[in-house]
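Chain residues, written in single-letter form:
Number of protein chains: 2
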Amino acid sequence: MRRFTESDLENFGTRCFASTGMPLTDACVVSRALVSANLRGIDTHGVARIPAYLKRIRAGLINPRPEIRSSSPMPFSTIVDGDNAMGPVAASIAVEACMRAADTLGIGAATVRRSNHFGAASVYTVPATARGCVAIAMSPGAPSLAPHGSRAALFGTNPFALAVPAGRYSPWSLDMAASVAARGHIRRAAQEGRAIPEGWALDNEGAPTTNPEAALRGLMLPFAGAKGSGIAFMVDILAGVLAGSGFAGEVRDWNVDFTGPADVGHFFLVMKIEAFMPLGQFESRMETAIGRLKALPPAEGVEEVTYPGERSGSTESERRRIGIPLGNEVLRPLAELAAELGIASPSPTL
Amino acid sequence: MRRFTESDLENFGTRCFASTGMPLTDACVVSRALVSANLRGIDTHGVARIPAYLKRIRAGLINPRPEIRSSSPMPFSTIVDGDNAMGPVAASIAVEACMRAADTLGIGAATVRRSNHFGAASVYTVPATARGCVAIAMSPGAPSLAPHGSRAALFGTNPFALAVPAGRYSPWSLDMAASVAARGHIRRAAQEGRAIPEGWALDNEGAPTTNPEAALRGLMLPFAGAKGSGIAFMVDILAGVLAGSGFAGEVRDWNVDFTGPADVGHFFLVMKIEAFMPLGQFESRMETAIGRLKALPPAEGVEEVTYPGERSGSTESERRRIGIPLGNEVLRPLAELAAELGIASPSPTL
Numbered sequence: 075m076r077r078f079t080e081s082d083l084e085n086f087g088t089r090c091f092a093s094t095g096m097p098l099t100d101a102c103v104v105s106r107a108l109v110s111a112n113l114r115g116i117d118t119h120g121v122a123r124i125p126a127y128l129k130r131i132r133a134g135l136i137n138p139r140p141e142i143r144s145s146s147p148m149p150f151s152t153i154v155d156g157d158n159a160m161g162p163v164a165a166s167i168a169v170e171a172c173m174r175a176a177d178t179l180g181i182g183a184a185t186v187r188r189s190n191h192f193g194a195a196s197v198y199t200v201p202a203t204a205r206g207c208v209a210i211a212m213s214p215g216a217p218s219l220a221p222h223g224s225r226a227a228l229f230g231t232n233p234f235a236l237a238v239p240a241g242r243y244s245p246w247s248l249d250m251a252a253s254v255a256a257r258g259h260i261r262r263a264a265q266e267g268r269a270i271p272e273g274w275a276l277d278n279e280g281a282p283t284t285n286p287e288a289a290l291r292g293l294m295l296p297f298a299g300a301k302g303s304g305i306a307f308m309v310d311i312l313a314g315v316l317a318g319s320g321f322a323g324e325v326r327d328w329n330v331d332f333t334g335p336a337d338v339g340h341f342f343l344v345m346k347i348e349a350f351m352p353l354g355q356f357e358s359r360m361e362t363a364i365g366r367l368k369a370l371p372p373a374e375g376v377e378e379v380t381y382p383g384e385r386s387g388s389t390e391s392e393r394r395r396i397g398i399p400l401g402n403e404v405l406r407p408l409a410e411l412a413a414e415l416g417i418a419s420p421s422p423t424l
Numbered sequence: 075m076r077r078f079t080e081s082d083l084e085n086f087g088t089r090c091f092a093s094t095g096m097p098l099t100d101a102c103v104v105s106r107a108l109v110s111a112n113l114r115g116i117d118t119h120g121v122a123r124i125p126a127y128l129k130r131i132r133a134g135l136i137n138p139r140p141e142i143r144s145s146s147p148m149p150f151s152t153i154v155d156g157d158n159a160m161g162p163v164a165a166s167i168a169v170e171a172c173m174r175a176a177d178t179l180g181i182g183a184a185t186v187r188r189s190n191h192f193g194a195a196s197v198y199t200v201p202a203t204a205r206g207c208v209a210i211a212m213s214p215g216a217p218s219l220a221p222h223g224s225r226a227a228l229f230g231t232n233p234f235a236l237a238v239p240a241g242r243y244s245p246w247s248l249d250m251a252a253s254v255a256a257r258g259h260i261r262r263a264a265q266e267g268r269a270i271p272e273g274w275a276l277d278n279e280g281a282p283t284t285n286p287e288a289a290l291r292g293l294m295l296p297f298a299g300a301k302g303s304g305i306a307f308m309v310d311i312l313a314g315v316l317a318g319s320g321f322a323g324e325v326r327d328w329n330v331d332f333t334g335p336a337d338v339g340h341f342f343l344v345m346k347i348e349a350f351m352p353l354g355q356f357e358s359r360m361e362t363a364i365g366r367l368k369a370l371p372p373a374e375g376v377e378e379v380t381y382p383g384e385r386s387g388s389t390e391s392e393r394r395r396i397g398i399p400l401g402n403e404v405l406r407p408l409a410e411l412a413a414e415l416g417i418a419s420p421s422p423t424l
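The listed protein sequences derive, respectively, from chains A and B. For reference, each letter of the first sequence is one residue, going 75 to 424 in our numbering. For reference, each letter of the second sequence is one residue, going 75 to 424 in our numbering.
Note that these hints are calculated values from the structure, not bench results. Keep in mind that a hint or two might mislead.
One copy or any two copies: either way a pair holds, since identical chains are not told apart in the list.
[As the list claims (entries may be wrong)] Here are the simulated DMTMM-like pairs of lysine to aspartate or glutamate, each with C-alpha atoms no more than 25 Å apart in a straight line:
| no. | residue 1 | residue 2 |
| --- | --- | --- |
| 1 | Lys368 | Asp155 |
| 2 | Lys129 | Glu272 |
| 3 | Lys368 | Glu324 |
| 4 | Lys129 | Glu361 |
| 5 | Lys129 | Glu324 |
Here chain A stands alone, though its shape is the one from the complex:
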């Protein structure tokens, strides 16, 4: 493992994406979304994905120079047509529209159609907390999850994320996949040749498996049966059916399906805390809630009770200070890419 500064990785990613003809500002938005995920420890959604994203852009399946159009049927609502842009580019426009609506009306919501994988959902929710807002983000993935009671894939692992400000604590941030485990963890286990725990997945014949390769070819299981399945369907409805983008099996797997655009949708909602309570009062109550949680006696084998987003928050502080650690399995493909593009590889800080 070597460590890299946030700005070095951001610059590297920006150069990579700009090499496809993407405007520099868009390349920077995409690169920032990936590095933000790394900063918070969500390394499955970080710079490791640059080569695969580039491959898809180069295959003509993501539009590096989209003409993104927005409309606003009602003052609070925004519809973004991504024109097959990189996910973070279309998503950022939608989140900004929500923020503007929240600034004037107290609330804003946006759907995005014809977009692509937007990375880690919490990348879009956590920043809103600094502006005194609750933020929600969701986006359906390619079919990989067997709905409760079935043995065939229909939904993606469909992340649902919600964040709120937490006063002197780092933002409270829930970011969960509807599967028992995030697909990125299985992909990473496959890259590293590790087995996955039982109960995470079925092979393509519907039998339980601990082989990550078989799991990636097979089916993910929803968490808690009907509950995870219901959350996956909810995400499919708001960020697929309502968004006017792919739903119920239509989203293409950006990583392996090169037959057409992925047609990914997103849904965002941003709401001002002050629409209900002075922000200072809310934050002080959040501090009380978190303080009570952290004071609970830990379960056996647990060192400390933590709140959602706490570990990501402290990882972010640490990585801003001492850099983002990347292993050879991530660095090697990035170095190959750098050589190919004639740009400098990221330089480790130690």
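Based on these hints, arrange chain B on the given structure of chain A.
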């Protein structure tokens, strides 16, 4: 099991609640909320609860003649101070305010403070679908759930509900407790002397138990560890911290704690589909999504793949037609109550 018509049970419940001095319209709202739960098969939240609610009103811990005040800090937002009203009374005022805001602005949200247990969460979300809306409802319960990583209760089983219109299908409706199982199921198992499955609960020393009585005195476990725990905390934040009502352990158990008002909060959000897409188009896309789900091959031992709310929807159609079945364990206390109040017991249809 004998069957009763919806209107007979509603009238009976209304008379019971009116006996406490509650205005007839409020008594009717409460009774309807309970019967609506019965209609949808959520019998744990139905008329079986009348005696316990009456007991709490009579103990002076719920206000039968509240002065409920609403304010609207922003056009979309409503804050309801329930003045310790019955939950359905304060909740209905908040939902109606959300609906009015949605009619004019496309979206409305409301918090409720100083309320009481509001019954089944989907009672407040499903009706909004008939008005072309997505609706969200949540409300924290008394501490009974051990947050992930801890061995002490802090949150309730904190239901989260979301419903959307589904065209020719009955409404799509997710209504889930953050615990592995709803507390009402454990209470019912206790009433019926049945054991509960392992993994649902811990006894009050933190050991796994299948004894429902021990579970009720002990701790509920969140579904899927950190995920269910995160959903419970989310409900506690929006419908407790933000609502200005009890949070993080402060809500009193309406069933057993007679030391003061329960201080329950609620959060509602209602959003017009038409803010993003013509309703007809949305409904036709929902029909496609549900059709695809129902066409999936069922898992072994499963007869039919169903969508969230489907079983409740068909139970509702059936029960409207042939009546609501109630067993002796529910009827006996209702008959005792009827005798005491000098009113007629519900009359079975067969």
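- Item | Violated hints - listed by number, lowest first | Hints 1, 2, 4 contradicted; others consistent.
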